[in-house]
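Residue numbers (UniProt numbering), protein chains in the order written: chain A, 1 to 265; chain B, 1 to 377.
Hint data in this document are derived by calculation from the structure and do not stem from the laboratory.
Check each hint, because a few of them may be wrong.
Unchecked claim - BS3-like, lysine-lysine: derived pairs with alpha carbons at most 27 Å apart: (1) A:K121 / B:K143; (2) A:K38 / A:K229; (3) A:K227 / A:K27; (4) B:K94 / A:K227; (5) A:K27 / A:K65; (6) A:K229 / A:K31.
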Amino acid sequence: MAPQTPDTDSRETLMSLQDVTLAFGPKVIQKGISFDIKRGSIFAVMGGSGCGKSTVLKSMIGLLKPAAGHYLVDGEDYWTSDPAHRQTVSRRFGVLFQSAALWSSLTVGENVALPMQMLTKMDPATVRNQVELKLGLVGMLHAIDQYPSEVSGGMKKRAGLARAMALDPDILFFDEPSAGLDPITSARLDDLILNLRDGLGATIVIVSHELPSLFKIADDGIFLDAKTKTPIAHGAPSWLHDHCDEPQVHAFMHRERETESGRTD
Amino acid sequence: MNSTDRGPEWSLEASDTANVIVLSGDWIAQQGHVPDFPSDGLRQARPGQKLTFRTDRLGRWDTGLIGFLWALKQGAAQAHLEMDADTLPDAAHKLLDLLPDRPAPAPPIPRRRFAPLATIGSLTIDSLTEIGTVTELGVETAKGGVASLTGRGRMRLTDLMSNIRDAGPSALLIVSVVNFLVGAILAFVGAVQLRKFAADIYVASLVGIAMVREMSAVMTAIIMAGRTGGAYAARIATMQGNEEIDALTVFGIPVSSYIILPSILSLTATMPFLYLYGSLVGMLGGFTVAIGMLSVTGAGYFHQTLNAVALDQFGFGFVKSIFFAILIGLTSCRIGLQAGRSAADVGVAATRAVVVGIVGVIALDAIFAVIATTIGL
Numbered sequence: 001m002a003p004q005t006p007d008t009d010s011r012e013t014l015m016s017l018q019d020v021t022l023a024f025g026p027k028v029i030q031k032g033i034s035f036d037i038k039r040g041s042i043f044a045v046m047g048g049s050g051c052g053k054s055t056v057l058k059s060m061i062g063l064l065k066p067a068a069g070h071y072l073v074d075g076e077d078y079w080t081s082d083p084a085h086r087q088t089v090s091r092r093f094g095v096l097f098q099s100a101a102l103w104s105s106l107t108v109g110e111n112v113a114l115p116m117q118m119l120t121k122m123d124p125a126t127v128r129n130q131v132e133l134k135l136g137l138v139g140m141l142h143a144i145d146q147y148p149s150e151v152s153g154g155m156k157k158r159a160g161l162a163r164a165m166a167l168d169p170d171i172l173f174f175d176e177p178s179a180g181l182d183p184i185t186s187a188r189l190d191d192l193i194l195n196l197r198d199g200l201g202a203t204i205v206i207v208s209h210e211l212p213s214l215f216k217i218a219d220d221g222i223f224l225d226a227k228t229k230t231p232i233a234h235g236a237p238s239w240l241h242d243h244c245d246e247p248q249v250h251a252f253m254h255r256e257r258e259t260e261s262g263r264t265d
Numbered sequence: 001m002n003s004t005d006r007g008p009e010w011s012l013e014a015s016d017t018a019n020v021i022v023l024s025g026d027w028i029a030q031q032g033h034v035p036d037f038p039s040d041g042l043r044q045a046r047p048g049q050k051l052t053f054r055t056d057r058l059g060r061w062d063t064g065l066i067g068f069l070w071a072l073k074q075g076a077a078q079a080h081l082e083m084d085a086d087t088l089p090d091a092a093h094k095l096l097d098l099l100p101d102r103p104a105p106a107p108p109i110p111r112r113r114f115a116p117l118a119t120i121g122s123l124t125i126d127s128l129t130e131i132g133t134v135t136e137l138g139v140e141t142a143k144g145g146v147a148s149l150t151g152r153g154r155m156r157l158t159d160l161m162s163n164i165r166d167a168g169p170s171a172l173l174i175v176s177v178v179n180f181l182v183g184a185i186l187a188f189v190g191a192v193q194l195r196k197f198a199a200d201i202y203v204a205s206l207v208g209i210a211m212v213r214e215m216s217a218v219m220t221a222i223i224m225a226g227r228t229g230g231a232y233a234a235r236i237a238t239m240q241g242n243e244e245i246d247a248l249t250v251f252g253i254p255v256s257s258y259i260i261l262p263s264i265l266s267l268t269a270t271m272p273f274l275y276l277y278g279s280l281v282g283m284l285g286g287f288t289v290a291i292g293m294l295s296v297t298g299a300g301y302f303h304q305t306l307n308a309v310a311l312d313q314f315g316f317g318f319v320k321s322i323f324f325a326i327l328i329g330l331t332s333c334r335i336g337l338q339a340g341r342s343a344a345d346v347g348v349a350a351t352r353a354v355v356v357g358i359v360g361v362i363a364l365d366a367i368f369a370v371i372a373t374t375i376g377l
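Sequences and hints are given; from them, build the entire structure.
Written out as structure tokens, the structure reads:
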């Protein structure tokens, strides 16, 4: 099944996956994944539950080595490069995990401060200023001394976002940022992501199946199919919504139930 | 749905025009009376005729009825009978439509072949891999420790101090109670035998040497394996489940510097002192029993203890407790890092850490005993 894609983006390619296969032991999750992510874009990894979206993200942030294929960042193969280079590339990444994954024994402020304390030579006063700045950007300054268990789900996500920005990364990865959030908090988070892209010039990779959020923020993307375990469509979510005639993609984008024959009703 | 007081009943009325399933009574799963649809339940049905339903005497129903209808639907498919679900109550029809045509096939039962060589080979590879991983973790942690000592390390002092507080002062009470009782038990056992030879005073030697050389170090290590080792493994396993370890990995914050080094250092810093403290408390336990049971004076007991316990015995116990600390810290952290991501895995990791810690401490103590005998200590 050839992926459908409009190729109209002339921006420079920052990251590429080339014929990547992802597997846990003998169990293949996705195969034949190939796409480019342009610098400054918001790229969505879409698909139904259990299709392997988060696994693709795990591979892109260095937590899962592909069983086959290449992952290039600025033209360099991430997984075949030496660990020191890989570490340097990873420093450019900021990740917001699905569960926010805040370090539970540290306060919100300490969570943002830890990467700076462990990985940079910043003095304590600069670290404090940076922590206040990052938390201020996501509207979480008031919770600087609270522990993750003391804040709400939406606040955890925002704190996770502040931590993801701790080392001023130029590539941000978001795993289901809207999951478990009410529509208003989710919409605010979308605005925040757009502002970060526009303000910081970051490239953003977002894993999600929240359609309103995807239509609003993503300007490119890929659709993964759970049945064939391959990508079946490329393009911005809004473009896929209007033009893609793959039954699974059409059903997903139009929130329809897919029948066993592959048609939608 | 009409309310009736009758149990669930069904029957098949086959005629030349239709096969009618008559449903009556209450079909409530939790009441336990809902019948299973028999595999030959459609034997009397007329081939080629539709299967319809009569539900005018059907009372209350829940998923008990739907389960029956699902089995009936599969039976009808096997008998090549067309089923007219439109004659069912609308809600039951909708629920039945949600179900697949047949249940998922049972997964094949894995066949276990008798292959001793493959099993031994697999166990050997697993063991060597594990030894390699633990060694690598230990070396990474040691390098982090050296870097911290030279001021180039990434360990945070606040983490170390918080771990020391948990591993040290908080453990004093349980270390006191256990070692006092062990010293007292040793004195009891010794007193019964030594009194026969009028050698009461040697209870002091027995308790002193046993506590300083073996018991205090081993008992304190077992306490710490159960208390602190289990807690470390559970904490790290929980972090694993919450993606906190993934977050550290992505940032490039070494797990060895952030978690393992403070854990091992805090145990290494506190356990030798807990051992010394445990030795003294154990001797106090022995003293209490000796004064109460035997014709021994306090000064005599004290004097005999000083004569019997040489300083090198303390050194031996002190060194052992450092090795026990490293063993407990390293194995419990490794087990935590190796854990799965579910809540049950946290419990499994904590239990494994305690078991491995206790067995490891006793095995290591046996090795120390052999070494001490060999070098004549």
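Evaluated hints:
1. A:K121 / B:K143: 20 Å, holds
2. A:K38 / A:K229: Given pair K38 (chain A), K229 (chain A) holds - Cα atoms ~24 Å apart, limit 27 Å.
3. A:K227 / A:K27: 14 Å, holds
4. B:K94 / A:K227: Given pair K94 (chain B), K227 (chain A) holds - Cα atoms ~26 Å apart, limit 27 Å.
5. A:K27 / A:K65: Holds: K27 (chain A) and K65 (chain A) sit about 14 Å apart, inside 27 Å.
6. A:K229 / A:K31: 6 Å, holds
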